[in-house]
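Enquirer: Chain residues, written in single-letter form:
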Amino acid sequence: MTDKQPGIRPRLTMGHRLDVAARYAFPVALTTLVLLLLSLPLGLPGQAQMQPAWALASVYFWSLFRPASLPAPSVFLIGLLLDLLAQGPIGVEVLILLLTQAAAISARRFLTRQGFAVVWFAFIGFAVVATATEWFLISFISWRLLPMAPGIFECALAIGAYPLLATLLTRAHRSVAAPELA
Amino acid sequence: MLRLSIQARQALARLTLPVLIVLSLATILLGRATPAVPERMRTALSDALAPIYDALSVPLSGVRDAAADVSQVFSLRDENARLRAENERLRHWYDVAMLLDAENATLKANLHWIPDPTLSFVTARVVADAGGVYARSVLLSVGPNHAVRKGQIALDANGLVGRVTEVGARSARVLLMTDINSRIPVVLEQSRARAILVGENSPYPRLMFLPEGVHPAEGERVVTSAEANAFPAGLLVGTVHYGSTPQPELDPAANLERLEIVRIFDYGLGGIVPPEAPGRAAVAGAPD
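Protein sequence lines correspond, in order, to chains A and B. The numbering used here applies: residue 1 is where the first sequence begins, and numbers increase by one. The numbering used here applies: residue 1001 is where the second sequence begins, and numbers increase by one.
Please note that the accuracy of each hint is not assured.
[As the list claims (entries may be wrong)] According to the in silico footprint, chain A covers these stretches of chain B (three or more CB under 8 Å from chain A): (1) 1087 to 1094; (2) 1208 to 1221; (3) 1234 to 1242.
[To be verified] Facing chain A, according to a computed beta carbon distance under 10 Å, are these residues of chain B, among others: (4) 1020; (5) 1030; (6) 1131; (7) 1181; (8) 1185.
Just so you know, the hints here were simulated from the structure itself, not pulled from any lab data. Even glycine gets a Cβ: it sits at the ideal position worked out from N, Cα and C.
Working from the sequences, and respecting the hints, build out all of it.
Expert: Structure, rendered in structure tokens:
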């Protein structure tokens, strides 16, 4: 929390502090929970692609709009969970999500001042680079040219779902995930 | 709580991300160098999640079945007519089968045929589709004192599903035959030509290394071959199918998209180590 107004204020009560902590924890908790939900046997078409697409969109969104609530170690753990849930080589999603966060944070000053369309266009670039990196890394590690179709589908899914996800996440960002409202 | 100066804290915060990126690269290398470690982590996670999946899979499959029921109501008439016709045909085949069975029994008795051993199997519920973007596998929930071992063979009601590749305390993972790492020796039932069934992460695995000049017919049945001592001979895998390419593919007999219950058979075969998922090489002497 940043103290913008100096001065003496009453100590926060226990409930208040818990509230602040819960709001800080919201992005990580939501990302993890949805990842676990998407690993359930729901039988949805393209469910395998939804997990990395969701993780990418979520890390991108929170790194842009609330980086303090998505510390890098938690991104590391989210990536590790994703790697363990999927059957890919371990560490690939960790690397991709961390690089996504690093790039999003460095583009933050510019992107957060733009309208939704620009943020979405930037995300298209992120999704393309991320899925291409994923495909390349897994192909390289398993030393075999893997089919590209699942990666392309994942990329399209992430791009297509982003507007809806961003709408929902923006609501959360302004309400339940806002520590300043506690 | 450690008290640091503002500068130190800022420097530390700026360093976290690069350090973690380096750490993730190290994780990739470590996962390559010691494949047993990620496998153990994965099994531990599966073991932790399997009971939750198991509890949720019952209502979930109930919902799915209810949805299927609703859509079936509309095609009841056609379905009924089709089933009647099929029943007629099957009745004929039943008579033929009974005749052949009796004949087979007499012939075997005359030949002093060594009977095939009765197989032991366990039935397990598929609780999660555990494949990723570049893998095809399913997670099974098995009891705490199960007898599932690596390399055992999974079948559903219709045919071969795949092989057990990871076994934990409460869960087991089956690598589907459609996974890109799956290789299964097969035989075409009519022409007796041998081939290798190669998974491609697509719904239709490819039939490769067919003998020169063999062109399997569309719809020809494909069964497992006992070569390499990894599979018993004669398990139904699927039928030959031609997609957009001239290369023959296989239409799996098992319903791999909607697996709910599989049977794990113990054929006592240990021919080769189970195929590995990308990034994980075989481990000699790994606990199975």
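Enquirer: With reference to the structure, classify each hint as holding or not holding.
Expert: Verification of the supplied hints:
Beta-carbon proximity to chain A at under 8 Å applies to 0 residues in the segment 1087 to 1094 of chain B; the threshold of 3 is not reached and the given coverage is violated. Interface restraint, the segment 1208 to 1221 of chain B with chain A: violated (0 residues with C-beta to C-beta distance below 8 Å; minimum three). Check result for the segment 1234 to 1242 of chain B against chain A: violated, 0 residues qualifying (beta carbon to beta carbon below 8 Å, three or more required). Among the interface hints, the one on residue 1020 of chain B holds; its C-beta lies about 5 Å from the nearest C-beta in chain A, closer than the 10 Å criterion.
For residue 1030 of chain B, the interface hint holds, since its Cβ comes within 10 Å of a Cβ in chain A; the closest pair sits about 8 Å apart. A distance limit of 10 Å between C-beta atoms decides the matter here; for residue 1131 of chain B the minimum to chain A is near 5 Å, and the interface restraint holds. Among the interface hints, the one on residue 1181 of chain B holds; its C-beta lies about 8 Å from the nearest C-beta in chain A, closer than the 10 Å criterion. Because the smallest distance between the Cβ of residue 1185 of chain B and any Cβ of chain A comes to about 20 Å, over 10 Å, the interface hint for this residue is violated.
In this structure, the hints that do not hold are numbers 1, 2, 3 and 8, in rising order.
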